[in-house]
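2 protein chains.
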Amino acid sequence: MKRVQRMIQQPSISGEGRGIRECATLVAAYLAEAGVESPTLVETDGNPVVYGELDAGAKHTLIVYMMYDTQPFAGETWSQPPLDAALVPFDPFPQVVMGRGAINTKGPMVAFFNALMAAKELGEPLPVNLKLVCEGEEELGSPHLPQFFKENLSRLRGAEAVLYPGASQDRNGRVKIWGGNKGIVYLELVSSGDRWGRGPLAHDIHSSHKAWIDSPVWRMINALSTMVSEDGNTVAIRGFYDDVRGPTPEEHEIVRELARTFDPDVIRMQNKVERFIDDLEGVDLLEKFLYSSTLNIDGVWGGHTGPGTKTVLPHEVRVRVDIRLVPDQVPDKVLAAVRNHLDRYGFPDIEIQVHDKYDWSQTPLDAPIVRAVRSAYGRMGHPPEVWPRAGGSLPMYLFTKDPLKLPALSGGLGHGAGAHAPDEYMVIEGTDKVAGLIEQELSYLTILEAYAEIAR
Amino acid sequence: MKRVQRMIQQPSISGEGRGIRECATLVAAYLAEAGVESPTLVETDGNPVVYGELDAGAKHTLIVYMMYDTQPFAGETWSQPPLDAALVPFDPFPQVVMGRGAINTKGPMVAFFNALMAAKELGEPLPVNLKLVCEGEEELGSPHLPQFFKENLSRLRGAEAVLYPGASQDRNGRVKIWGGNKGIVYLELVSSGDRWGRGPLAHDIHSSHKAWIDSPVWRMINALSTMVSEDGNTVAIRGFYDDVRGPTPEEHEIVRELARTFDPDVIRMQNKVERFIDDLEGVDLLEKFLYSSTLNIDGVWGGHTGPGTKTVLPHEVRVRVDIRLVPDQVPDKVLAAVRNHLDRYGFPDIEIQVHDKYDWSQTPLDAPIVRAVRSAYGRMGHPPEVWPRAGGSLPMYLFTKDPLKLPALSGGLGHGAGAHAPDEYMVIEGTDKVAGLIEQELSYLTILEAYAEIAR
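Chains A and B supply the protein sequences, listed in that same order.
Take the first sequence: its position 328, counting from 1, is numbered 308 in the numbering used here, and each next residue is one higher.
Take the second sequence: its position 186, counting from 1, is numbered 166 in the numbering used here, and each next residue is one higher.
Because the hints were derived from the structure by calculation, they are not lab data.
With beta-carbon atoms standing in for the labels, derived distance ranges: (1) B/Arg137 / A/Lys252: 56 to 66 Å; (2) B/Gln250 / A/Arg225: 52 to 62 Å; (3) A/Asp259 / B/Ala316: 29 to 39 Å; (4) B/Glu210 / A/Ser134: 54 to 64 Å.
Glycine included, C-beta positions come from ideal geometry on N, C-alpha and C.
Kindly generate the complete structure, drawing on both the sequences and the hints.
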């Protein structure tokens, strides 16, 4: 518990470049304490990856993927200072640790280290060998993780699967398994007079000029409106859905199974939402969520956005867009489709800045690592709900695709919430349904054990 | 000159509520110095109007409309502190006064006061009686000026015309007369999950939910795109243009005359613009500017607008829109057309917040006040360019429409620039083409004199 607190108290906010190296050093120290012979800060063009190996002389080897960076907390209102790692009761939990990174993902990371240390203290050899990869830029979209893979591929060879230690219980204790992640393309679209050659070229001007001067903002609005259906839910870009494949018959069966326990009210309550798209329900709703590629506007701004009634014809407007990719979409192909769409509709001047871009990942649900995690949960009394994939994006494609082509899965009991939000927490002392820190640590060892048995 | 400086040094930023009453008191003191018997701060529900009368025992009476408030300067980069009122050379002018309000409109206002003081010092009775109305909310859209008119109408009765003291020369010395102003409707459109009942109801949520939850931002984009043509320049709202009347044959002739001297390159340079709408030229371009009603987007913002790649499905987006009105459009009718359009296209939940709304104004170009100003310019060697109206909005309708129905005109030599922008200035020491402060003051007295002669 003290190690979890210490890790949270060391800021490591990649978005602000704060505390990164200090935190990486602390991670390396914990790895050493857990028995890793010479944990290393492997340099990249960005933040270092902390890497270490634990050779247990076992037959099988897993990669353990983790991250040591966190989101910022500036501008958020917390009930406890976000770097205090305060231990507080949090209904219905007798005790949680509250702080930035508690659940995402310093808590689970240190819980995993604790599990290794416990095994070491007991003199028990681990049932599998481990290669531990702890990156420091996940919250930035892992821009330099591909570089790490390229330059350290030989170190990673020989592993059979990837485990990403998590705390996969919801507040009612239900455990979930996600067989993959969506990919993402994060763009900034820019419409400006400068690039267009029409409208104000250099700065916002008095809006009375709209009578004889064109508007880059109206241009953006009209360009955007060509990209989606009238309800904003179907993408109207040629080729966008070309590589989307629906659920296989096996996956469809898994979703039918999932629909039996899935409670849409949990989603409604957690997100303060009343209705789903087209008022879908059950299997239809779940398949919409799991198998849809989306074009979302994350943010838009231009012209006068402060108080008052300033009248300007803006010279520029910017729109942030994220596209979530599902199998078998290809990031560069989708990106090209967006560019092609804008060109074809007469908007070649609208600029596309690519902030972030990576592939989806998918692990077969009968892979040994999936079976091991399911089995471990079962042994601990928590039969899991199986989701073919998660809606969010994680760079697990680096493991699941060329050249490693490894199955990869997040696993572990425990619970926390508030990622990217105030009052982020992870449960320390649990309930009869939700694992506390010690049971969470035990779940990691149980997974490793189950893997050794199943892979045998 | 010192009075101009003193007035600029006293901030009066209506948008920030800064220095208003102090400035109003200073204006009243200057009025007293100019011979007004008991200048008064007339209270409204907003900033006070400074009012005073100068009875010269003359046959005719003019209202002089002025404003004492200015735009803010926060966030702007100036070469001189904006409250210093520094006297500096400014190519090609030997000396200008630089500061917030220098041209808009503390400089012209104090120049007019100076003219009155000069006449008083010389013992010369003014050729006309004056009712001086100096408001303190012009930069906010004059929200309480109608209240002042309603509560003080009897004071204003008996005047024949309205003069708004300006500095109407451009940097080349050319003088312009504008026969009217466009009206304005300033709106904020809000699309939110809360009002819609779809999408996130309370706050932005993780963008992976776009797969099954609707987006209020896409809704706004699609609603906006129905409101204009593909090039963003023609409004597609039913009834929007119903009351727009084109130029009369007489006005068409005035525009033809204007086109002979009009130089579009000045507009291009001043606004950093290359091309006009549809690449119009000459009379067509001028009539587009003068006789078009417009729907402009002043600002738009929603979701994540800071640095980084935060992925959110926003619960709300806001768009600021200004509509410029030309004769014979009616603000409330246009507003109703916008509401009706949104309802008819299935967007009844998109909220319209009205920030500001007032009528156009038009003064016949053969009115005595117009003839007086033209005559005064002619006498001083500056035959003016006549524009049927200006593109901007001023609340002159309060004078030109019921119940006063007075002709109203801006007039005065002199030059300045940088209104609502950094390095705002007014010329103190002119060139052979551009009037300096003294000649500017003289031009006001010449206008009053010409009016007395012409109205006789």
